[in-house]
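Student: Residue numbering for the sequence shown is 1 to 201, as defined by full-length UniProt numbering.
Just so you know, the hints here were simulated from the structure itself, not pulled from any lab data.
Remember, predicted model here, so these are calculated numbers, not experimental data.
Worth double-checking, as some hints may not be accurate.
What the hints assert, rightly or not - No more than 27 Å apart at the CA atoms, straight line, and that leaves these computed lysine-lysine pairs for DSSO-like:
id, residue 1, residue 2
1, K37, K89
2, K170, K182
3, K182, K85
4, K89, K170
5, K170, K37
6, K170, K85
7, K182, K124
8, K168, K182
9, K124, K37
10, K93, K182
11, K37, K182
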Amino acid sequence: MEVVHMSFISYLINGISLGSVYALIALGYTMVYGIAKMLNFAHGDVIMVGAFITYTMCSTMGLSPVIGVLAAVIACTLLGMAIEKVAYKPLRKASSPLAVLITAIGVSYLLQNVALLIFGANAKAFTSVVSVPAVKLADGQINITGETIVTIVTCLIIMAGLMLFINKTKAGQAMLAVSEDKGAAQLMGINVDGTIALTFA
1 MEVVHMSFIS YLINGISLGS VYALIALGYT MVYGIAKMLN FAHGDVIMVG
51 AFITYTMCST MGLSPVIGVL AAVIACTLLG MAIEKVAYKP LRKASSPLAV
101 LITAIGVSYL LQNVALLIFG ANAKAFTSVV SVPAVKLADG QINITGETIV
151 TIVTCLIIMA GLMLFINKTK AGQAMLAVSE DKGAAQLMGI NVDGTIALTF
201 A
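Please model the entire structure based on the sequences and the hints provided.
Tutor: Structure (structure tokens):
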């Protein structure tokens, strides 16, 4: 019975770790839809680009994981803003939501196929980017890897940081205003286009 309890706790911790990843992905979808009222189907593909950049810099080029992650963050930020400017901004006032939907799917397929051409279809072995030691509990029956710990802690930090950013900064308040009423926000002097571009970043 005790073994079952230990297994349940292990699965629970792994589930929280995986859920943290899903929460961060969903955060991007929610932010864009809540403010720009658009479904950014390319959001997951932007994350994929970041993963390949980190893989290339860490596994292929042998650079520090910190450099790889920072480069991926910068690249994904610029890519997200470029996608918004080139693909979504011209359609912001489109009468048909179908045009936005088709464009979003098209951008997603474009990123997928470009990645396929560059990196191929074979699975890539990704080296660990963290050096946090594993934690063993209950006499070694529960093993929490360093990646799991970093994932959960990082998710909590990002969520808390975003909450503070939205509620305590001028840019965050602008996002809230744009999400409520773009027209009224513009009348109050808020740069609506810049705020939406920041959301995509």
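Student: Each of the hints needs a verdict: does it hold here or not?
Tutor: Verification of the supplied hints:
Our distance criterion of 27 Å between C-alpha atoms is met by K37 and K89, whose separation comes to about 12 Å. Of the pairs offered as hints, the one joining K170 and K182 holds, with about 16 Å between alpha carbons and a cut-off of 27 Å not exceeded. In summary, the hint linking K182 to K85 is supported, as the alpha carbons are separated by about 17 Å, within the 27 Å threshold. Proximity of K89 to K170 is assessed by CA-CA distance (about 23 Å); at most 27 Å being required, the pair is judged to hold.
Taking the CA atoms of K170 and K37, the gap is about 21 Å. The hint holds against a cut of 27 Å. Between the alpha carbons of K170 and K85 the distance comes to roughly 22 Å, so the proposed pair stays at or under 27 Å and holds. Pair hint K182 plus K124 does not hold up; C-alpha atoms about 43 Å apart against a cutoff of 27 Å. Between K168 and K182 the CA atoms are separated by roughly 20 Å; this keeps the pair inside 27 Å, and the hint holds.
At roughly 35 Å between alpha-carbon atoms, K124 and K37 are farther apart than 27 Å, so this suggested pair is violated. Taken as a hint, the K93 and K182 pair is honoured in the structure, with Cα atoms around 12 Å apart against an allowance of 27 Å. Between the alpha carbons of K37 and K182 the distance comes to roughly 11 Å, so the proposed pair stays at or under 27 Å and holds.
The structure does not agree with the numbered hints 7 and 9 stated previously, though it agrees with the rest.
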